[in-house]
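Guided by the hints, dock chain B onto chain A, whose structure is given.
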Amino acid sequence: MADMEENREQTYQAELFDKLRKSMNLKREEDCIGCLIKPALWWMVEHPDPKVTDIERLVGDGCPCLKNRKHKNASVCAHTIIDSINRAFQTKKLSKFICVNGLHGFVYPITQGDKVYGYIGTCYTKTDVSSEILDVFSAFTDTIVREAQKELELSKLYETLRPRAIALSTVHTVHRLISSTLDLNELLPRIARLSLQILRANRCSIKLVDAKRKILIPKTTVDLREKKTRLKKVKVGKWAPGKAVKFGRPIRGDNYLATPLIDEDVIGVITIYDKIDNKPFSSFDQEIMSTLAEQAVIAIKNAQLYKEQEKLTMGSIKSLAKVLDTRAPGAYVPRASFVKISVVMGQESRMDAEEIKSLEYAAILHDAGEIVVPDEVLTKPTKLTGKEYAMVKEHPAAGVEIIKHMKALKSVLPIILYHHENYDGTGYPKGLKKDQIPLGARIMAIVSALESMITKRPYRLVRTIDEAIEEIERNSGTQFDPKVVTAFLKTMSRKEIRSMLEKELYGHR
Amino acid sequence: MDTGKILKKPIHMAIIRFFHENQASIDTPRGIATWIGEDRSKVKAVLEDLVKQKILTAHRAASTTGYSYTRDMELVSKIEKLLKSYKR
Chain A
133 MADMEENREQ TYQAELFDKL RKSMNLKREE DCIGCLIKPA LWWMVEHPDP
183 KVTDIERLVG DGCPCLKNRK HKNASVCAHT IIDSINRAFQ TKKLSKFICV
233 NGLHGFVYPI TQGDKVYGYI GTCYTKTDVS SEILDVFSAF TDTIVREAQK
283 ELELSKLYET LRPRAIALST VHTVHRLISS TLDLNELLPR IARLSLQILR
333 ANRCSIKLVD AKRKILIPKT TVDLREKKTR LKKVKVGKWA PGKAVKFGRP
383 IRGDNYLATP LIDEDVIGVI TIYDKIDNKP FSSFDQEIMS TLAEQAVIAI
433 KNAQLYKEQE KLTMGSIKSL AKVLDTRAPG AYVPRASFVK ISVVMGQESR
483 MDAEEIKSLE YAAILHDAGE IVVPDEVLTK PTKLTGKEYA MVKEHPAAGV
533 EIIKHMKALK SVLPIILYHH ENYDGTGYPK GLKKDQIPLG ARIMAIVSAL
583 ESMITKRPYR LVRTIDEAIE EIERNSGTQF DPKVVTAFLK TMSRKEIRSM
633 LEKELYGHR
Chain B
973 MDTGKILKKP IHMAIIRFFH ENQASIDTPR GIATWIGEDR SKVKAVLEDL
1023 VKQKILTAHR AASTTGYSYT RDMELVSKIE KLLKSYKR
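Each protein sequence line maps, in turn, to chains A and B.
Under our numbering, think of the first position of the first sequence as 133, with each following residue one higher.
Under our numbering, think of the first position of the second sequence as 973, with each following residue one higher.
In case anyone wonders, no lab produced these hints; they're calculated from the structure.
Keep in mind that the hints are not guaranteed to be accurate.
Below 35 Å or equal to it, Euclidean Cα-Cα: the simulated DSBU-like pairs (lysine-lysine) are [as the list claims (entries may be wrong)]:
#1 A/K378 - B/K1024
#2 B/K1024 - A/K411
#3 A/K288 - B/K977
In isolation and in its complexed conformation, chain B is listed as follows:
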């Protein structure tokens, strides 16, 4: 997994930034799409990609899926450094 490469994709970057700034958040694709101002279907696909990369965790239930940030503190601090190196 190359987190640096992932962060170069704009929706990936926006979602990771959202969760990095709100680490206690658990939200649905619709909610996250609202927070970052992107299209829900695109956000949904990226969320699943980030789950595969272990940057997010998916909490799946019959009615919806909630996504939350990784608990791997090494990965969190790596993302912290990368985010600082990118301008908003």
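Just chain A, with the same shape it has in the complex:
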């Protein structure tokens, strides 16, 4: 530690004198004062405690007293300067001297706090230098030295802070990148890839803890060397990942670094293997990875909570749908297929993940408001009277009334409210047309129409899937948005969708 401190001091001293040597202000000052005290020989001692030989070497070439070192006065002259340096060292102030040849000079100490780094001096002046000139010299030199020291400190600060600021900015960017998804299947590979980028490594594996079974379940492994990887379960306490989880601290070897993901308990572990430059993992890598793991834990917990919330919401929606199905027991509704068709139509219409999720919920709940329509009206096999039809037209608004209390379903409400609007403005409840109708509702209008045509209804004969598709195509531009009809036709042309619907619809019968 003492050696390091000494090295730092020596480096600082060398850099300070380098700055002073290059300082134009110091040069100007020497020229300026030099005019007043002509002749003057200037020199700079870059050491707090110089030897006589240092002075002879430094001053000697310019000074006639020291030039001839064999001369009996040479050594005396160098000693006079050393004495003056010692006084300047003690007092931290300018010190004057007269050499053996009766020539005048002075020494000014370069200080910082109590520390003396060296001296600026002059000699070979024929007359005594007035105290006014010396005061001006001291004041100017002090300003120049302080300026050089400030510049040095600033550049040191910059060198120290910049890498840290860049690292902090990286952590902030990673935080933004991983917080932008709540889908664990997308999040974990993203964390793995970002970790590999930051640590410049080849393989990353993320495992989450199954606390009951005391094992680590592999969730993602990314190997950028395109090697085949196996997702292996690991017992808590075994291997580096298991040990990191057991002890709740990073486990580092030359080619691996396992960092626990710690929330209240350890929830998992990120393990990085093989740096691309084949160097061993360092303590700095460990520090960076620990910071990254803290960010990852927050994102993983958020994604897990979101998933839980989604499960709860979907559970409530499905329960509600079950209750609604009991209203018309003979009418089997292939819900999974209609949900899938809605989702794919949403994707074909370039909806984002949130909008598609709303569509998924709406596909189950769009007719929830039928609960307010009396059974005899819903199951009436003959044509409805005007009053009965008015009751049926109330069901979108009634559906909204039922669902609006569930905050998670707020974005579903417009889909439910407007799914009976027609593209040409002839629908209900508001007679909206074209783009006035939300895209989700335009999609749901088609899904709802398909549903009512191909599932058993008391008031009409069941149509085949192809007949229903033709009917929807026929009404493109009037009842339905032509663009959405195109998305529907693309969706229905997909084999897996068609077979899912057929299996659910006819397999059930």
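Coordinates of chain B only, in the frame set by chain A:
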């Protein structure tokens, strides 16, 4: 791809130098613009160009895009030599 030609463009050069000196960095266009003292919109366009040249990797998310340095060590050492031949 002619890396030598790319390095003759000042913003390209500044970005490549930044990532070469900070190879563990992942940053947004705003961050990189701050580090190299250039206009963000110009930096953004150059970043995308460098992604096309495979000198940078883009990590795209809904809210932002993070950019990081190539992992191709051959390219890194080629850039190292070129950077040494250019004065700052």
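If you draw a straight line from the CA of B/K1024 to the CA of A/K411, is it 35 Å or shorter?
holds, 29 Å
CA of A/K288 to CA of B/K977, is that 35 Å or under?
holds, 34 Å
Is the hinted pair A/K378 and B/K1024 satisfied, with a Cα-Cα distance of at most 35 Å?
The hint is violated at about 44 Å.
In summary, the one numbered hint that this structure violates is 1.
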